[in-house]
Amino acid sequence: MKPARFEYVAPASVDAAVETLLAANGEGKLLAGGQSLLPLLNFRMARPAVLVDLNGIKELSFIELRGESVVIGALTRHREIEHSPLIASRLPVMSAAMRHVAHLAIRNRGTIGGSLSHADPAAELPMMAMFYAARLTVQGPAGRRTIAAKDFFVDALTNCLEPEEIVVEIEFPIPQHDGWVFEEVARRFGDFALASIAVSIRRGQSGIEDARVAAMGVADTPLRLEDVERRLCEIEIDVRMPDRFCEWVRSSVSPNSDLHASGEYRKHLLGELARRALKTALAAKGDRR
Amino acid sequence: MSSDRRVQPSDVLRPRHVGAPIKRTEDLRLLTGRGEYSADRKPDRALHVAFLRSGQPHARIAGIDTAAAEAAPGVVAVFTADSIADDFKAVIPFSRMPNYYATPILPLASGKVRYVGEAVVAVIATSRYLAEDALELIEVDYEPLKAISRAELAVADGAPLLHEAAGSNVLLAREFRKGDVAADLKVAAVRVGGRFEMTRKAPLALEPRSYTAEYEKRRDAITLYTSSNIPGIVRDAISESLGLPGHRLRVVAPDVGGSFGSKGSLYPEELLICIAARKLGRSLKWTADRLEDVSSSSQAFAEIVDAEMGFDANGVATSLQADVIGDVGAYSIYPWTCGLEPVQVVSFLPGPYKIGSYRGAVRGVATCKPPTGPYRGVGRPISTFVAERLMDLGAKALGLDPLEIRRRNLVRSEDFPYRIASGIIWDKTGFLECLEAAAEAVGYQQLRLRQADARKDGRLFGIGIATYAELTGIGSRIAVAPGMPINTGSETAKISIDSTGAITAAFGVASHGQGLETTLAQIIADDLGAKFEDISVIQGDSDEVPMSTGTYASRSAVLGGGAAKHASFLLRDKIKRVASHLLEANQDDIEVFGGQAVVIGTDRAVTFRQVARAVYSDMKTLPVEAREELSASYTYDPINGTTAAATHIAAVEVDPATCFVKIHKYVVAEDCGKIINPMIVDGQVHGGVAQGIGAALFEELIYDDDAQLLSASLVDYVIPSAPEVPVMEVVHIESESAVAGGFRGMGEGGTIGAPAAIANAIADALSPLGIDVSILPMTPERIFKLMEQARFNSRGKADE
Ligand SMILES: Cc1cc2nc3c(=O)[nH]c(=O)nc-3n(C[C@H](O)[C@H](O)[C@H](O)COP(=O)(O)OP(=O)(O)OC[C@H]3O[C@@H](n4cnc5c(N)ncnc54)[C@H](O)[C@@H]3O)c2cc1C
Numbered sequence: 001m002k003p004a005r006f007e008y009v010a011p012a013s014v015d016a017a018v019e020t021l022l023a024a025n026g027e028g029k030l031l032a033g034g035q036s037l038l039p040l041l042n043f044r045m046a047r048p049a050v051l052v053d054l055n056g057i058k059e060l061s062f063i064e065l066r067g068e069s070v071v072i073g074a075l076t077r078h079r080e081i082e083h084s085p086l087i088a089s090r091l092p093v094m095s096a097a098m099r100h101v102a103h104l105a106i107r108n109r110g111t112i113g114g115s116l117s118h119a120d121p122a123a124e125l126p127m128m129a130m131f132y133a134a135r136l137t138v139q140g141p142a143g144r145r146t147i148a149a150k151d152f153f154v155d156a157l158t159n160c161l162e163p164e165e166i167v168v169e170i171e172f173p174i175p176q177h178d179g180w181v182f183e184e185v186a187r188r189f190g191d192f193a194l195a196s197i198a199v200s201i202r203r204g205q206s207g208i209e210d211a212r213v214a215a216m217g218v219a220d221t222p223l224r225l226e227d228v229e230r231r232l233c234e235i236e237i238d239v240r241m242p243d244r245f246c247e248w249v250r251s252s253v254s255p256n257s258d259l260h261a262s263g264e265y266r267k268h269l270l271g272e273l274a275r276r277a278l279k280t281a282l283a284a285k286g287d288r289r
Numbered sequence: 001m002s003s004d005r006r007v008q009p010s011d012v013l014r015p016r017h018v019g020a021p022i023k024r025t026e027d028l029r030l031l032t033g034r035g036e037y038s039a040d041r042k043p044d045r046a047l048h049v050a051f052l053r054s055g056q057p058h059a060r061i062a063g064i065d066t067a068a069a070e071a072a073p074g075v076v077a078v079f080t081a082d083s084i085a086d087d088f089k090a091v092i093p094f095s096r097m098p099n100y101y102a103t104p105i106l107p108l109a110s111g112k113v114r115y116v117g118e119a120v121v122a123v124i125a126t127s128r129y130l131a132e133d134a135l136e137l138i139e140v141d142y143e144p145l146k147a148i149s150r151a152e153l154a155v156a157d158g159a160p161l162l163h164e165a166a167g168s169n170v171l172l173a174r175e176f177r178k179g180d181v182a183a184d185l186k187v188a189a190v191r192v193g194g195r196f197e198m199t200r201k202a203p204l205a206l207e208p209r210s211y212t213a214e215y216e217k218r219r220d221a222i223t224l225y226t227s228s229n230i231p232g233i234v235r236d237a238i239s240e241s242l243g244l245p246g247h248r249l250r251v252v253a254p255d256v257g258g259s260f261g262s263k264g265s266l267y268p269e270e271l272l273i274c275i276a277a278r279k280l281g282r283s284l285k286w287t288a289d290r291l292e293d294v295s296s297s298s299q300a301f302a303e304i305v306d307a308e309m310g311f312d313a314n315g316v317a318t319s320l321q322a323d324v325i326g327d328v329g330a331y332s333i334y335p336w337t338c339g340l341e342p343v344q345v346v347s348f349l350p351g352p353y354k355i356g357s358y359r360g361a362v363r364g365v366a367t368c369k370p371p372t373g374p375y376r377g378v379g380r381p382i383s384t385f386v387a388e389r390l391m392d393l394g395a396k397a398l399g400l401d402p403l404e405i406r407r408r409n410l411v412r413s414e415d416f417p418y419r420i421a422s423g424i425i426w427d428k429t430g431f432l433e434c435l436e437a438a439a440e441a442v443g444y445q446q447l448r449l450r451q452a453d454a455r456k457d458g459r460l461f462g463i464g465i466a467t468y469a470e471l472t473g474i475g476s477r478i479a480v481a482p483g484m485p486i487n488t489g490s491e492t493a494k495i496s497i498d499s500t501g502a503i504t505a506a507f508g509v510a511s512h513g514q515g516l517e518t519t520l521a522q523i524i525a526d527d528l529g530a531k532f533e534d535i536s537v538i539q540g541d542s543d544e545v546p547m548s549t550g551t552y553a554s555r556s557a558v559l560g561g562g563a564a565k566h567a568s569f570l571l572r573d574k575i576k577r578v579a580s581h582l583l584e585a586n587q588d589d590i591e592v593f594g595g596q597a598v599v600i601g602t603d604r605a606v607t608f609r610q611v612a613r614a615v616y617s618d619m620k621t622l623p624v625e626a627r628e629e630l631s632a633s634y635t636y637d638p639i640n641g642t643t644a645a646a647t648h649i650a651a652v653e654v655d656p657a658t659c660f661v662k663i664h665k666y667v668v669a670e671d672c673g674k675i676i677n678p679m680i681v682d683g684q685v686h687g688g689v690a691q692g693i694g695a696a697l698f699e700e701l702i703y704d705d706d707a708q709l710l711s712a713s714l715v716d717y718v719i720p721s722a723p724e725v726p727v728m729e730v731v732h733i734e735s736e737s738a739v740a741g742g743f744r745g746m747g748e749g750g751t752i753g754a755p756a757a758i759a760n761a762i763a764d765a766l767s768p769l770g771i772d773v774s775i776l777p778m779t780p781e782r783i784f785k786l787m788e789q790a791r792f793n794s795r796g797k798a799d800e
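Residue numbers (the numbering used here), protein chains in the order written: chain S, 1 to 289; chain L, 1 to 800.
Treat the hints as calculated values from the structure; they're not laboratory data. In this text, all values refer to a predicted model and were calculated from it rather than measured experimentally. Note that CB positions come from ideal geometry on N, CA and C, so glycine has one too. Incorrect hints may have been included.
To be verified - According to the in silico footprint, chain S covers these stretches of chain L (three or more CB under 8 angstroms from chain S):
(1) 124 to 132
(2) 657 to 667
(3) 683 to 690
(4) 780 to 791
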């Protein structure tokens with residue numbers, strides 16, 4: 001289980017990294033935390049001619065408040081996001097989700113740019129990108145462009161980047177909500193999710209004014225359930241709401257079966273998590289589970 | 001409690017090492033990165049081996065083209081079955097068992113491949129990277145044959161044959177009988193039964209299999225460093241296969257990072273690396289990567305058991321019968337044969353119970369999978385799972401408490417020695433004592449009340465009991481594996497004091513995590529009268545003792561410990577003889593302790609160092625005939641072996657929303673006889689239970705209908721990690737056995753009891769829904785399906 005031969009380049013800037021990719025003629029591959037890429041190299045499932053190491057590009061690592069958004073540099077480690085007070089106060093659902101990402105050693109190295117680009121359908125950060133309607137800034141030979149999260153994730157383990165493009169930073173608009181919850185079930189703590197749901201709401205006089213619902217582990221990409229969000233805002237809050245929510249969520253997914261869980265079980269799990277999540281979100285103002 | 005040691009006056013005052021929770025002396029090096037594993041060996045200009053493994057489950061090898069690989073950078077040689085055919089004799093896992101076909105052990109697949117992962121070609125290169133590059137250049141022309149993915153398909157009419165020469169896919173068949181089961185079942189007040197299954201499991205040691213063959217040109221000799229727990233058996237087998245006498249073939253198991261049985265058989269790669277080293281006159285290294293380790297090391301369980309038990313109206317089990325089909329994989333293993341795992345199931349099924357009549361039949365069936373082999377507990381995790389499920393089903397049918405039905409059926413102290421149907425004899429062991437101690441420790445009655453409360457709230461709370469007995473420290477009268485021709489009944493200890501006064505104790509046993517360097521030194525410290533820290537234990541080296549087999553089958557404390565005791569006594573007597581000259585006292589008036597010989601009741605003493613100097617260096621103090629070399633060797637054979645037993649009790653809760661199982665409480669009461677080191681015993685129980693939890697809830701090697709392994713990485717093969725293993729309580733019942741020292745083996749028990757206890761607890765938790773547990777692991781997916789089915793059934797009833 002040794003990788004095939006490759007060349008290793010460690011550029012000092014994003015411009016230089018783009019140039020290296022261009023010179024590699026589609027045979028280049030970016031290396032961030034290496035937590036997903038290195039196993040692929042060792043299995044020889046990925047065999048790039050040139051490995052372009054981003055770890056020397058310090059300006060890619062930051063978390064900052066920019067207007068009504070939090071912006072995170074692509075090389076920011078999971079651990080930094082997990083412990084950021086800014087994220088905890090402005091993007092609390094993401095803060096809660098981070099504790100479910102793998103294990104400490106992996107969080108120390110894994111990066112948000114790597115996680116989003118890897119596009120695992122059961123990974124937390126891609127789900128958070130959908131949940132917060134994030135915008136990814138990417139740089140390529142033609143300069144920079146911005147991609148909405150919903151356009152970025154194309155399929156399982158597939159994003160929409162061109163071979164010479166690099167994710168530079170990700171902007172997360174801050175929702176004005178007062179109740180939220182993140183629920184996940186994994187076989188073991190730190191495993192990829194069997195199913196997960198994130199809910200956040202703003203309550204008004206007569207009901208829910210605004211809602212966000214995202215799910216993962218139940219499709220080839222993380223899902224934002226906009227229909228369900230809309231329906232939540234259309235009905236009155238009562239005791240039957242969590243059950244109805246559960247049904248809406250269930251009926252909006254049709255997960256596949258795999259080694260870890262059947263589609264029916266994933267659907268069941270997601271429904272149960274949804275019911276529990278909405279109860280919590282309704283009960284609490286910004287309470288953390 | 002009795003002991004075979006003479007009590008001496010100062011015993012009360014003197015701290016003894018046996019029984020003390022001494023920290024493991026090997027841990028300092030192992031935990032600070034100073035251990036040395038096979039892969040850490042750095043022989044001069046070693047070459048690296050990589051194996052091309054079959055991606056086909058079953059195919060004829062029509063041709064292999066290695067030309068491009070041979071020409072690749074860094075490649076020194078490429079070997080196939082044909083190119084090494086004259087360099088070895090196949091190793092045959094013989095057995096005297098009737099109805100058994102022995103498949104030979106070959107270093108590389110010859111003529112056919114029979115499972116995905118079987119080694120077909122070996123590339124030898126200057127680095128592992130270059131060797132793996134060259135693998136991609138090899139063309140194997142396979143003619144695919146029909147795959148056999150499941151045991152039931154292998155025995156179906158018209159199934160393709162895996163080994164044509166065997167004439168059948170049934171590689172072994174065996175039956176044990178006692179009394180007239182059919183008649184007893186007919187008159188039984190209650191009959192319970194079912195079809196039970198334990199799926200395939202990977203032993204999964206932290207260190208993958210790893211071999212370094214160091215070639216010595218001068219003597220045409222090989223030292224094989226192997227991550228094996230049976231270095232002595234490996235030495236003897238390779239010696240025979242390669243025609244290399246033992247003084248030119250040394251086999252060393254250095255530090256070994258776990259085995260759980262997966263390193264307890266001779267492997268094709270061990271043969272290949274020695275053959276290649278000799279052919280090339282070079283030193284070679286190979287370490288399995290995780291994929292190779294999971295897909296080519298011996299695997300566990302894979303049995304389906306149809307069983308039935310009959311009870312009289314008082315809840316006494318009168319009769320038991322079982323038909324077992326074991327999916328043994330593609331080959332037998334050496335030396336244990338493919339009978340090891342499945343035959344043990346029927347050998348041990350009656351367990352610690354007095355059951356009137358018994359019939360147990362087993363078939364070991366070849367499939368396109370890696371061989372099954374020894375795995376912590378061997379056969380007994382599933383025999384215990386089945387017997388304990390049947391006990392609970394019986395209790396339920398009779399309206400008895402599960403604790404009570406076991407009280408009524410366990411072999412009682414007045415019944416020992418008790419012979420069960422397969423011929424195994426239980427010596428006096430605390431069966432009932434373990435049951436009662438576990439019940440008390442877990443607070444059984446309160447737990448039942450807690451369960452009643454939980455049920456009122458609609459919660460799925462269950463309690464499960466498992467009791468079992470196992471045979472440990474097996475002597476020469478009983479074969480560890482059925483009909484096996486090699487002797488596994490003795491072990492040698494060689495203890496010497498050198499001219500510096502240092503004590504070296506050499507053994508053939510091969511600790512791979514059990515802490516034998518500590519426990520054997522504890523025994524020697526007491527029985528030789530030495531200082532603990534002066535003793536160095538050497539083990540796992542075939543050059544140190546003339547014959548040994550290794551560490552497996554819960555034998556090393558009993559056999560190694562017994563040998564250590566006897567050798568210590570012999571050496572202590574030598575020390576006394578020398579000391580009697582030096583101290584001018586009668587031998588009988590001298591006692592030895594703390595590294596010195598003392599005239600009882602005086603302050604006249606000589607240290608071991610002074611004794612050694614007198615014997616070896618100072619030519620004046622001793623008469624010539626009194627200068628006996630300070631060494632002693634003893635080969636100990638417990639003849640029969642000794643029983644070990646335990647009761648496990650688990651309390652679990654099933655979350656109806658997630659279908660996850662949470663273990664609330666876990667208690668083990670075990671009888672391993674005289675405890676050498678309670679800390680190590682606890683550690684072994686904890687580790688064993690953790691693996692049992694894996695078997696009960698998580699671990700499963702999944703092969704699809706084409707016999708392709710789907711769960712080949714640790715993402716897909718899920719093992720319990722620290723949060724999934726609960727805090728557990730371990731209670732010790734020390735009923736000393738009759739073997740030297742009163743020890744019983746205890747390394748495997750945790751894994752035997754835990755699957756059954758957890759299965760019973762889950763069944764108890766789900767019983768309000770009318771759900772039974774008959775397959776392990778009980779994954780959330782399986783529980784979900786069972787609950788869905790139960791929901792569907794009850795809806796059906798409501799509609800009627
Ligand atoms: C045992 C284990 C358990 C895990 N469990 C979880 C889990 O529960 N949840 C979870 O979310 N993740 C989990 N992960 C994955 C982990 O979060 C990884 O860190 C993440 O998927 C990839 O990030 P990385 O920085 O390591 O990327 P790398 O492995 O370096 O790269 C991944 C891919 O992204 C590309 N890439 C990297 N950076 C960029 C960039 N800036 N622009 C464009 N492309 C880029 C690479 O070329 C590569 O194709 C687990 C990993 C392991 C090993």
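Each hint tested on the structure:
Here's how the region 124 to 132 of chain L fares: 3 of its residues keep a CB closer than 8 angstroms to some CB of chain S, so the rule of at least three is met and the hint holds. Three residues within the 8 angstroms Cβ limit are the bar, and the region 657 to 667 of chain L against chain S gives 4, so the coverage statement holds. Only when three residues or more bring their CB closer than 8 angstroms to a CB of chain S does the claim for the region 683 to 690 of chain L stand; here the count is 0, and the claim is violated. Check result for the region 780 to 791 of chain L against chain S: holds, 5 residues qualifying (beta carbon to beta carbon below 8 angstroms, three or more required).
Comparing the model with each numbered hint stated earlier shows that hint 3 is the single one that does not hold.
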